[in-house]
Amino acid sequence: MVARVWSLMRFLIKGSVAGGAVYLVYDQELLGPSDKSQAALQKAGEVVPPAMYQFSQYVCQQTGLQIPQLPAPPKIYFPIRDSWNAGIMTVMSALSVAPSKAREYSKEGWEYVKARIK
Amino acid sequence: MSESELGRKWDRCLADAVVKIGTGFGLGIVFSLTFFKRRMWPLAFGSGMGLGMAYSNCQHDFQAPYLLHGKYVKDQEQ
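Protein chains in written order, with this note's numbering: chain A, 1 to 118; chain B, 1001 to 1078.
No lab work stands behind these hints, which were simulated from the structure alone.
Errors might be hidden in some of the hints.
[Said to hold, decoys possible] Calculated pairs, DSS-like style, for lysine-lysine (alpha carbon to alpha carbon, straight line, at most 30 Å): (1) A:101 / A:75; (2) A:36 / A:75; (3) A:75 / A:114; (4) B:1071 / A:36; (5) B:1037 / A:43; (6) A:101 / A:114; (7) A:107 / A:118; (8) A:14 / B:1037; (9) A:75 / B:1009; (10) A:36 / B:1009.
Because the structure is a prediction, the values reported are computed rather than measured.
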């Protein structure tokens, strides 16, 4: 009797945890349109760091530990889009002039060899 | 489509992919721990579902100006 009640309780607890997770996903529209997901990600980016900081402060207060203040991470500005676009344009222009350049260099090389043989 | 709009669409796609894969992975973890005895397949299933949904959204987003929406019109009997 006790074992059956206990297994039923376990099932209900597991079911409520899983159901709560599914409801949270549905409520926050995480699996919906892309603009809602983008807004949710932006909101998470704004909310999570202060929450983590407050939690760490609370843990410090309760336990008496002093977490050392880490220096701020360096802000790296690397425009991937610009360097990618510049790289693509460089590669394509090199490919487009490759035949004429190859012809020019081989002609120069041939002239050089002819001059050396004479 | 201008380059800035294309860039915005790519940003939206990537953010959407991150959120959906993460959500699928998280739900997979929950279900794996609660009902499926810590097996790995719910995680893979959830992540795959998230990736597929994100891909579908991105595809629709990029094709949006060129998609034609039609509707059925009933024949009017005279």
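key: Index of numbered hints that the structure contradicts, given in increasing order   = Structure breaks hints 1, 3, 5.
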